[in-house]
Amino acid sequence: MHSIQVKDLSLNFGAVSVLKTLNLDVAEGEFIVLLGPSGCGKSTLLNCLAGLLDISDGEIWIKGKNVTWAEPSERGIGMVFQSYALYPQMTVRGNLTFGLKNAKMPKDEIDKRVARAAEILQIGPLLDRKPGALSGGQRQRVAIGRALVRDVDVFLFDEPLSNLDAKLRSELRVEIKRLHSRLKNTMVYVTHDQIEALTLADRIAVMRSGIIQQLDAPQVIYNRPANLFVAGFIGSPSMNFLHGATVDGGRAFDLNGLTLSLDGYEGGAVGARPKAILGLRPEHLTIVAEAEAGRTIPAVVELDEPMGADSLVWLKAGGVQVSVRVPVERRMAAGTAVHLRVDIPKASLFDAGTENRI
Amino acid sequence: MADVTHALGVRAKAGPRGARPKPLFSRRNIMVYGTLGLVSLYYLLPLWVMVVTSLKGMPEIRLGNVFAPPVEITFQPWVKAWAEACTGLNCDGLSRGFFNSVRILIPSVICSIAVASVSGYALSMWKFRGSEVFFTILMIGAFVPYQIMIYPIVILLRELGLYGGLWGLVLVHTVFGLPILTLLFRNYFATVPEELFKAARVDGAGFWAIFFKIMMPMSLPIFVVALILQVTGIWNDFLFGVIYTKPDLYPMTVQLNNIVNSVQGVKEYNVNMAATLLTGLVPLTIYFISGKLFVRGIAAGAVKG
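From first to last, the protein sequence lines stand for chains A and B.
FYI, in numbering that gives the first Met the number 0 the residues of the first sequence are 0 to 357.
FYI, in numbering that gives the first Met the number 0 the residues of the second sequence are 0 to 304.
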């Protein structure tokens, strides 16, 4: 059963179209991450799901009910905001119970739910404090608790970790994942941080200018990006792009006269294309000393960046800057001429015109 | 790096600290405090004259020493101003005007702040189609001179059957307070994070619940500012009071004018001074009590717009 169904949703602000006939089906208990650069419409979509924005066209269904025009509180959702949005004059308990009191819930049920949320999130000792007396991490915990006590099917997160420092962010990220595996409810999570997206999501929806570019499992998004945008957006450092052409009926890639065999490429019918782009992740290139016909590209080392666990080497190959991930103990001197072996089965090939994966 | 800070720390400890002390009677100090002193003297002198005159008997006033303190202190002028001075046929002093003013003030302040705070809240949080236009028109209202609207309002109040009564004046004060107070509240609520409002909506709070339970408790300073503006403004109002009410209901300011400007008999300067001081007492008290909150509120409401 679908937990959330978005059907042909459009949203216009005056003449500006923010979301364009968008479709999204979220399964029961699924963790969906909406990922994209700022201004891509991911937060807007979340606000539409929450009912905080009136949509221009389309329908939103939650748990088999058409909630397109329902009030936010009637949709069976809980929402967590980037700025925590805790009511400053109320205690933590007041914040947790505000929505329940609005729903005229009996007091013993409220107490039960608050106790459960406090236990899950370990905020019991904080219940009688005001938000001003809490740290950022504690505040976000309370904000999650406010969604938790509503006992809803769908959790909406709007960049919940963006205001936290790096260490807290990774801690809370794990905690959110743990929460999801314990509660098993549907979660829609907006972020611009690809690490959060890759670690948390069952499926990632990569968005750009109001359109979902690709909706798939994190590994697929990472390894088989549907187009140039997704390929360039996911991954740090980003994918290396080599401009050239496919020749020999699609069996080889021509890079300024240098030919690479496309044997083993996993994708559609390549065919001969005068303009194509070969996308290679830094870990799908290997630095070798000897040239191998049809499998390597000559390159010159520019600098290397030790990253701790591994090390990045930046090289110049065919006039383009290319990054390669190597084991940290392998130091490369600048100016060294080397060859890069290409892992074609893991590469991505794009048509330069449509920018779509072949 | 550590060495450098360490060395600096040592030097700071060894040498004298703080700014170099300046001589008390430097040329700059004399200029500044001299000017300040002169200006305060200029502003305080009339108050001094009023206070001393109100405490003198008429024979002493006739001597003409306006600045001299009273030789024989008498509170008779104050008593007379409050309870015995005559305006028209009534000889019960300013007390009648005081209570009229209070009766006008309380509903006017409550109504104007209630209407303006809700308008400001709606205009900043619940934007509707044309809300910006609505707000602009409201703002233009703040710039139309009162004199233009006097007669139309007379007709309006007559048609509503409120002319000459207390509630007519309350309505006028509410309407005229609306533009500036709405601006004040709208700008204040605009500084409240939007996500707070969204969170409250997800929590099932409606228009009024969000206003009373979330927004109002957060906006004490701006309510204090509005309160001060309205209390002093309405208390000091003369024009609307004299036009839209009848003699029985004249506010204190109008009655003060009638006492001071009565042409029959001797000018009782001491009574006039006492009456004026009595009238000014309410705004003065408000300023003294809430000065700090007022400044804080003005700053909070005015900076972001």
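Take the hints with a grain of salt, since some may be wrong.
[Unchecked claim] Computed list of lysine-lysine pairs in BS3-like fashion (alpha-carbon distance at most 25 Å, straight line): (1) A:Lys166 / A:Lys62; (2) A:Lys62 / A:Lys100; (3) A:Lys111 / A:Lys19; (4) A:Lys176 / A:Lys166; (5) B:Lys212 / B:Lys197; (6) B:Lys126 / B:Lys212; (7) A:Lys111 / A:Lys6; (8) B:Lys79 / A:Lys19; (9) B:Lys212 / A:Lys111; (10) A:Lys6 / B:Lys212; (11) B:Lys212 / A:Lys100; (12) A:Lys274 / A:Lys183; (13) B:Lys79 / A:Lys129; (14) A:Lys183 / A:Lys64; (15) A:Lys129 / A:Lys100; (16) A:Lys64 / A:Lys19; (17) A:Lys111 / A:Lys129; (18) B:Lys245 / A:Lys19; (19) A:Lys129 / B:Lys212; (20) A:Lys183 / A:Lys62; (21) A:Lys103 / B:Lys197; (22) B:Lys212 / A:Lys106; (23) A:Lys100 / A:Lys111; (24) A:Lys62 / A:Lys103; (25) A:Lys315 / A:Lys345; (26) B:Lys79 / B:Lys266; (27) A:Lys6 / A:Lys64; (28) B:Lys126 / B:Lys79; (29) B:Lys197 / A:Lys62; (30) B:Lys79 / A:Lys100; (31) A:Lys106 / A:Lys64; (32) B:Lys79 / B:Lys197; (33) B:Lys212 / A:Lys103; (34) A:Lys103 / A:Lys129; (35) B:Lys197 / A:Lys64; (36) A:Lys274 / A:Lys315; (37) A:Lys129 / A:Lys106; (38) A:Lys19 / A:Lys6.
If you are wondering where the hints come from, they were derived from the structure by calculation, not from laboratory data.
How the hints compare with the structure:
no. : hint                : result
1   : A:Lys166 / A:Lys62  : violated, 36 Å
2   : A:Lys62 / A:Lys100  : holds, 24 Å
3   : A:Lys111 / A:Lys19  : violated, 43 Å
4   : A:Lys176 / A:Lys166 : holds, 16 Å
5   : B:Lys212 / B:Lys197 : holds, 14 Å
6   : B:Lys126 / B:Lys212 : holds, 20 Å
7   : A:Lys111 / A:Lys6   : violated, 37 Å
8   : B:Lys79 / A:Lys19   : violated, 79 Å
9   : B:Lys212 / A:Lys111 : holds, 23 Å
10  : A:Lys6 / B:Lys212   : violated, 36 Å
11  : B:Lys212 / A:Lys100 : holds, 12 Å
12  : A:Lys274 / A:Lys183 : violated, 46 Å
13  : B:Lys79 / A:Lys129  : violated, 55 Å
14  : A:Lys183 / A:Lys64  : holds, 20 Å
15  : A:Lys129 / A:Lys100 : holds, 18 Å
16  : A:Lys64 / A:Lys19   : holds, 22 Å
17  : A:Lys111 / A:Lys129 : holds, 21 Å
18  : B:Lys245 / A:Lys19  : violated, 65 Å
19  : A:Lys129 / B:Lys212 : holds, 15 Å
20  : A:Lys183 / A:Lys62  : holds, 15 Å
21  : A:Lys103 / B:Lys197 : holds, 20 Å
22  : B:Lys212 / A:Lys106 : holds, 19 Å
23  : A:Lys100 / A:Lys111 : holds, 13 Å
24  : A:Lys62 / A:Lys103  : holds, 23 Å
25  : A:Lys315 / A:Lys345 : holds, 21 Å
26  : B:Lys79 / B:Lys266  : holds, 13 Å
27  : A:Lys6 / A:Lys64    : holds, 13 Å
28  : B:Lys126 / B:Lys79  : violated, 55 Å
29  : B:Lys197 / A:Lys62  : holds, 22 Å
30  : B:Lys79 / A:Lys100  : violated, 58 Å
31  : A:Lys106 / A:Lys64  : violated, 29 Å
32  : B:Lys79 / B:Lys197  : violated, 60 Å
33  : B:Lys212 / A:Lys103 : holds, 15 Å
34  : A:Lys103 / A:Lys129 : holds, 23 Å
35  : B:Lys197 / A:Lys64  : holds, 22 Å
36  : A:Lys274 / A:Lys315 : holds, 21 Å
37  : A:Lys129 / A:Lys106 : holds, 21 Å
38  : A:Lys19 / A:Lys6    : holds, 11 Å
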